[in-house]
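Let the sequences and hints guide you as you build the complete structure.
Spelled out from the first residue to the last, the chains are:
2 protein chains.
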Amino acid sequence: MNSLFKALNDHTRRAILELLKENDLNAGEIANHFDISKPSISHHLDLLKQAGLVTAIKNGQYITYSINTIVMDELVQWIMKLKD
Amino acid sequence: MNSLFKALNDHTRRAILELLKENDLNAGEIANHFDISKPSISHHLDLLKQAGLVTAIKNGQYITYSINTIVMDELVQWIMKLKD
DNA sequence: TACTTATTTAGAAATTTGTCTAAATACCTA
DNA sequence: TAGGTATTTAGACAAATTTCTAAATAAGTA
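Residue numbers (full-length UniProt numbering), protein chains in the order written: chain A, 1 to 84; chain B, 1 to 84.
In short, the hints are calculated from the structure, not lab data.
Since this is a predicted model, take the numbers as computed values, not measurements.
Where is the CB? At the ideal position from N, CA and C, for every residue including glycine.
There may be inaccurate statements among the hints.
As the list claims (entries may be wrong) - Where chain B lies over chain A, by a calculated footprint (3+ residues, C-beta under 8 Å):
1) 15–24
2) 54–61
3) 64–77
Said to hold, decoys possible - No more than 25 Å apart at the CA atoms, straight line, and that leaves these computed lysine to aspartate or glutamate pairs for DMTMM-like:
4) K58/B to D24/A
5) K81/A to E29/B
6) K81/B to D24/A
7) K58/A to E29/A
8) K49/B to E29/A
9) K83/B to D24/A
10) K81/A to D24/B
What the hints assert, rightly or not - Chain B is nowhere near these chain A residues, computed Cβ spacing over 10 Å in every case:
11) D10
12) H11
13) G28
14) A31
15) H33
16) D35
17) S37
18) K38
19) P39
20) S40
21) I41
22) S42
23) H43
24) D46
25) K49
26) Q50
Here you go:
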């Protein structure tokens, strides 16, 4: 849960998830959507990966990132428990 | 949304919410559940309040804190949108 | 093989965060 | 009013976070 909350606690990372919801994208395509250096985006992608929110598949020279929302189920359950 | 994710991104603050789910508590009672100084707990309560996750009502010398889960609805909706 | 492109890793700087102690504020009671 | 209890505010410090540039790695192509 910790890595999940941590990953979600950043505007850029949330925006990356919203992008990936529409299409799988490679790292460079993701970076092109932001005014942030590629290494920084790479770091954000790493945090999202650590939380299980994205998966990465090497495609030759490229790395394709996809969203994985299953890990959010635990978060939704936590919230629901709090709501009774 | 930012203050909400920020507030939730800390184990102590999440534990405070879980406590308040069971009972309203005053600041001292909350602090007694943790191995952290009262000023630190006060700071955590402030962040929770900023996010709208708790409300505080002065009760004489005491301040009673209550959970408010309504603000989490927006978070759940954001997650659901991401899930399609 | 040499060059280019895609991506990550490394290391550094600025900012934010979580924690503490000491002091301030607010309320209660004798 | 004086003294005690509950809580917050202020200021400091260490650790974590976000960002950058430069360099390293990996793959495609002439």
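Verification of the hints:
Counting residues of the region 15–24 of chain A whose CB lies closer than 8 Å to any CB of chain B gives 3, which reaches the minimum of 3, so the coverage claim holds. Note: the region 54–61 of chain A has 0 residues with beta-carbon separation from chain B under 8 Å; the three-residue rule is not met and the coverage is violated. Coverage of a stretch by a chain is defined here by at least three residues with a beta carbon nearer than 8 Å to that chain's beta carbons; for the region 64–77 of chain A and chain B the count is 5, and the condition holds. For the hint pairing K58/B with D24/A, the CA-to-CA distance comes to about 51 Å; that exceeds 25 Å, so the pair is violated.
At roughly 22 Å between alpha-carbon atoms, K81/A and E29/B fall within 25 Å of each other, so this suggested pair holds. Between the alpha carbons of K81/B and D24/A the distance comes to roughly 16 Å, so the proposed pair stays at or under 25 Å and holds. Under the criterion of a C-alpha separation no larger than 25 Å, the hint pairing K58/A with E29/A is consistent with the structure, at around 14 Å. Of the pairs offered as hints, the one joining K49/B and E29/A is violated, with about 38 Å between alpha carbons and a cut-off of 25 Å exceeded.
For the proposed pair K83/B and D24/A, the alpha carbon gap of about 14 Å is at most 25 Å, so the pair holds. Proximity of K81/A to D24/B is assessed by CA-CA distance (about 16 Å); at most 25 Å being required, the pair is judged to hold. Taking the minimum C-beta to C-beta distance to chain B, about 8 Å, the non-interface status of D10/A is violated against the 10 Å cut. Listed as outside the interface, H11/A is inconsistent with that label: its C-beta sits roughly 7 Å from the nearest C-beta of chain B, within the 10 Å cut-off.
Against the 10 Å criterion, G28/A stays outside the reach of chain B, whose nearest CB is about 23 Å from its own CB. With a least beta-carbon separation of about 20 Å from chain B, A31/A lies farther than 10 Å from that chain, consistent with its non-interface assignment. Chain B leaves H33/A outside its interface by the beta-carbon criterion, the shortest separation being 16 Å against a cut-off of 10 Å. At the 10 Å boundary, the C-beta of D35/A stays outside the reach of chain B, the nearest C-beta of that chain being 18 Å off.
The claim that S37/A is not at the interface with chain B holds, since no C-beta of that chain comes within 10 Å of its own (minimum 22 Å). The claim that K38/A is not at the interface with chain B holds, since no C-beta of that chain comes within 10 Å of its own (minimum 24 Å). Its beta-carbon lying about 23 Å from the closest one in chain B, P39/A satisfies the requirement of being farther than 10 Å from that chain. For S40/A, the condition that its CB be more than 10 Å from all CB atoms of chain B holds, with the nearest at approximately 18 Å.
The non-interface label for I41/A is consistent with chain B: the shortest C-beta to C-beta separation is roughly 19 Å, beyond 10 Å. For S42/A, the shortest C-beta to C-beta distance to chain B comes to about 22 Å, beyond the 10 Å cut-off, and the non-interface label holds. The beta carbon of H43/A is kept farther than 10 Å from every beta carbon of chain B, the shortest such distance being approximately 17 Å. Non-interface call for D46/A relative to chain B: holds, since the shortest CB-CB distance, roughly 17 Å, exceeds 10 Å.
Listed as a non-interface residue, K49/A keeps its Cβ farther than 10 Å from every Cβ of chain B; the least gap is roughly 16 Å. The beta carbon of Q50/A sits about 14 Å from the closest Cβ of chain B, which is more than 10 Å, so the claim that it is off the interface holds.
Hints 2, 4, 8, 11, 12, counting from the list given before, are not met by this structure.
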